[in-house]
Amino acid sequence: MRILGVYNNKGGVGKTATAVNLAYLAARAGRRTLVWDLDPQAAATFYFRIKPKVKGTKKVLGGKRDLDEAIKGTDFDNLDLVPADFDYRNMDLLFGDTKKPANQLRKRLKQLGDDYDLVILDCPPSVSVVSENIFRAADALLVPTIPTTLSLRTLEQLLDFMDDNDIRVPTWPFFAMVDRRKRMHQETMAAESDKRVLMLDQHIPYASTVEKMGEARAPLFEFARSSTAARAFRDLWREVSDRLED
Amino acid sequence: MTRSFWLEDVPSTEAIGKHLPSPFNLRAEPVREASSTYMDSYDWRLTTKGGPLRIDRDGTELLAVRETAGGETTAWTPVATMPHWPQDLPEGPLRDEVLKASQIRALLPVAEVTRTIRRLAVLNEDDKTVVKMHLAEADARIPEGTPVPPDKGRRPGAEHGLKPRLTLQAVKGYDREREAVAGALAEMEGVRPTDSSLLEETVTALGRRPGDYSSKIDVGLQPEITAVEAARRIHRHLLDTLEANVEGARADLDSEFLHDLRVATRRTRSALTQIKGVFPPDPLTDFKERFRWLGQITGPTRDLDVFLLGFDDYRARVPATMQGGLEPFRAFLERRQREEQQILAKRLASPHFRKLLKDWRAFLERPLPTHPDTLNARRPAKVVADERIWKMFRRVIKEGRAITEDSPHEEIHELRKSCKKLRYLMEFFQDLYPRGDMQPLIKAIKALLDNLGEFQDLEVHAHKIREDAEAMAAEGSAGADTLMAMGALVDDLLEHQARVRGQFASRFADFDAPANCKAYKALFKPAREEKRA
Chain A
1 MRILGVYNNK
11 GGVGKTATAV
21 NLAYLAARAG
31 RRTLVWDLDP
41 QAAATFYFRI
51 KPKVKGTKKV
61 LGGKRDLDEA
71 IKGTDFDNLD
81 LVPADFDYRN
91 MDLLFGDTKK
101 PANQLRKRLK
111 QLGDDYDLVI
121 LDCPPSVSVV
131 SENIFRAADA
141 LLVPTIPTTL
151 SLRTLEQLLD
161 FMDDNDIRVP
171 TWPFFAMVDR
181 RKRMHQETMA
191 AESDKRVLML
201 DQHIPYASTV
211 EKMGEARAPL
221 FEFARSSTAA
231 RAFRDLWREV
241 SDRLED
Chain B
1 MTRSFWLEDV
11 PSTEAIGKHL
21 PSPFNLRAEP
31 VREASSTYMD
41 SYDWRLTTKG
51 GPLRIDRDGT
61 ELLAVRETAG
71 GETTAWTPVA
81 TMPHWPQDLP
91 EGPLRDEVLK
101 ASQIRALLPV
111 AEVTRTIRRL
121 AVLNEDDKTV
131 VKMHLAEADA
141 RIPEGTPVPP
151 DKGRRPGAEH
161 GLKPRLTLQA
171 VKGYDREREA
181 VAGALAEMEG
191 VRPTDSSLLE
201 ETVTALGRRP
211 GDYSSKIDVG
221 LQPEITAVEA
231 ARRIHRHLLD
241 TLEANVEGAR
251 ADLDSEFLHD
261 LRVATRRTRS
271 ALTQIKGVFP
281 PDPLTDFKER
291 FRWLGQITGP
301 TRDLDVFLLG
311 FDDYRARVPA
321 TMQGGLEPFR
331 AFLERRQREE
341 QQILAKRLAS
351 PHFRKLLKDW
361 RAFLERPLPT
371 HPDTLNARRP
381 AKVVADERIW
391 KMFRRVIKEG
401 RAITEDSPHE
411 EIHELRKSCK
421 KLRYLMEFFQ
431 DLYPRGDMQP
441 LIKAIKALLD
451 NLGEFQDLEV
461 HAHKIREDAE
471 AMAAEGSAGA
481 DTLMAMGALV
491 DDLLEHQARV
501 RGQFASRFAD
511 FDAPANCKAY
521 KALFKPAREE
531 KRA
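So the sequences go chain by chain: A and B. 50 is the number that our numbering gives to position 50 of the first sequence; each next residue is one higher, with no gaps. 272 is the number that our numbering gives to position 272 of the second sequence; each next residue is one higher, with no gaps.
Isolated chain A (complex conformation) (with noise of 0.2 Å):
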């Protein structure tokens, strides 16, 4: 079982759209996939047509048994989600009460064994006691990042913040929401992609298909599957693929 999280301090990144594709992605291409929504705006819950979930984190942070009828089946083969659920506001409180408040997810999502081959964590945008757990559950971290000089600094930050405490979880920056028509995107990506390797080569384009997903309710490959933006996640789950397969 690989483990990725998609995380960004900040908020409407595209964040919630990269995991829903991927995982979808990833469960056509024949991996019994789980993604946890883990973020309360539950978004990635909302566009699988489930009903997040108002009380039960407790449970949910109780053991196997409880995680697992947490999980319910998308419309989609190989796919199933853990919805989110509004208490999530009050996990830091949560893994706060515990021994080892950094490892609980982890644990919890080993206790799953071989029932999924890809777990995706949909993260709040935060730094707090849950992040710290994604960080330290993940197998590698996925973090879109718009092209700018500001998004760019929040991505240091939270380079360094893994430096202090000590957290070695590979991190897979990659641009998103680029737009070609900002010359301060193509700047940034230009001065980037000279200076370090750090950045994955595939880059997700601002698109307005993207937005329809809410509306739609639905991954957008089920929609808009020649869209531009579909091609970009085709390439970007290429890469990420083959990187957690390394």
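Simulated from the structure, these hints should not be mistaken for lab results. Glycine residues also receive a C-beta, built at the ideal position from the N, C-alpha and C atoms. Do not rely on the hints blindly, as some may be mistaken.
As the list claims (entries may be wrong) - Simulated crosslink set (DSSO-like; lysine-lysine; CA at most 27 Å straight-line):
(1) K172(B) x K51(A)
(2) K18(B) x K51(A)
(3) K288(B) x K276(B)
(4) K110(A) x K172(B)
(5) K107(A) x K172(B)
Unchecked claim - Label pairs and their in silico Cβ distance ranges:
(6) V306(B) x A140(A): 50 to 56 Å
(7) L63(B) x A140(A): 52 to 58 Å
(8) A480(B) x R238(A): 51 to 57 Å
(9) G214(A) x R209(B): 35 to 41 Å
Dock chain B against chain A, hints included.
Chain B only, in chain A's frame:
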């Protein structure tokens, strides 16, 4: 978890929709054609140990799936071609499972099912799929070329329609919704819940039953029958087993067909001599001779099969530096096996062989004469069985006790023959005795036979390797390193044989233990008054 229903008629989507409780709606999805092949070994090793292998064909893609009898998937993997052996599957958990169950047996296509599946999604108020509904109309057939035991199963190639079936597939986490839908459907006319899986239904429709072929002896004798009737039933059972293996042995689908055919032959010969005084001597002598011929013509191929099956173990017996030298020997054996197999296939297709089976069947099925003139024919089977088993047991004990460390090999071989006779007799007549008493006795004689069998096999193989080395040297197919490796193997086998010989005394002592002897006495020793004058 799934729920299944049998349908009298295939209802329209609207008719089903009308029966669904609020707030559910139906959405029709594209109709799918699916074809699946259930695979198993001839003796159902997969099905009886967890579940068969299913190969699903979707366009040009093949998916190998292991499922339980109840239809739950345990492992799956895409495959490039139809597998014939467990080893043809890609490495992984599925292959490990299948190999563990099927071992040396080939995978045969037991049944093929083609289905037209109308798929309906049951949606909730969010238009989320909560239950998946499949309406399937299916045809099943036994693929042509699949060997089927005589009188078991329909003609290969012929199509058999299955009852239309409606399946509700749970979407994980929506059990409540599935139960609500299942409840509503059960109210519909012509809809009947069923627990039988598609596999069970398919196999039944094709006239087969998992386990309908087994090499084990299971005659089903009743205590009150006469000895001649018991003998006829035992022989018919053995003939069924023999016939069930002819096709597979001819085609060499795997080595077990010939093995089972030979075992049935050997048992038949043993029964012919050991169940004495039930058949008139005239045809008996003739059949004994003809079955001896069958044992003879099947021997060479079987010997080579055994060699090849154990070749890797043999390879491991010589020093690592010499192992490569054995490969020309393997090639030699493989070539010889192909040659002998061809000869065997011809003989198994010959009128001579066909006539033997036909004549034997006719003899076993002809009406019994009202006054059989043989000694034992009309006596109760149990009395005759008691006498024969008790006599053979005493012979085994006598021969075994006479063997010392210096006894010639022939005495061991003779003891082995007597042990085999004893084992077969007990297996033939086991239904006449309490199962709990019989099983430990059969187990004990088998343990002794393992030792004796290994002793003999090692000697025969060492001898054969020497012969083969000469033959290979003569035809120029073995270089010095091959001949040396074969020599080293012979040495190792003979050394091993000496160790096995050393274990004999304690193995025989186990068999000759007071408890075992007492059990034989209690179970088989005929009471005096029942003894013949």
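Each hint tested on the structure:
{"no.": "1", "hint": "K172(B) x K51(A)", "verdict": "holds, 14 Å"}
{"no.": "2", "hint": "K18(B) x K51(A)", "verdict": "holds, 26 Å"}
{"no.": "3", "hint": "K288(B) x K276(B)", "verdict": "holds, 13 Å"}
{"no.": "4", "hint": "K110(A) x K172(B)", "verdict": "holds, 20 Å"}
{"no.": "5", "hint": "K107(A) x K172(B)", "verdict": "holds, 22 Å"}
{"no.": "6", "hint": "V306(B) x A140(A): 50 to 56 Å", "verdict": "holds, 53 Å"}
{"no.": "7", "hint": "L63(B) x A140(A): 52 to 58 Å", "verdict": "violated, 29 Å"}
{"no.": "8", "hint": "A480(B) x R238(A): 51 to 57 Å", "verdict": "holds, 56 Å"}
{"no.": "9", "hint": "G214(A) x R209(B): 35 to 41 Å", "verdict": "violated, 55 Å"}
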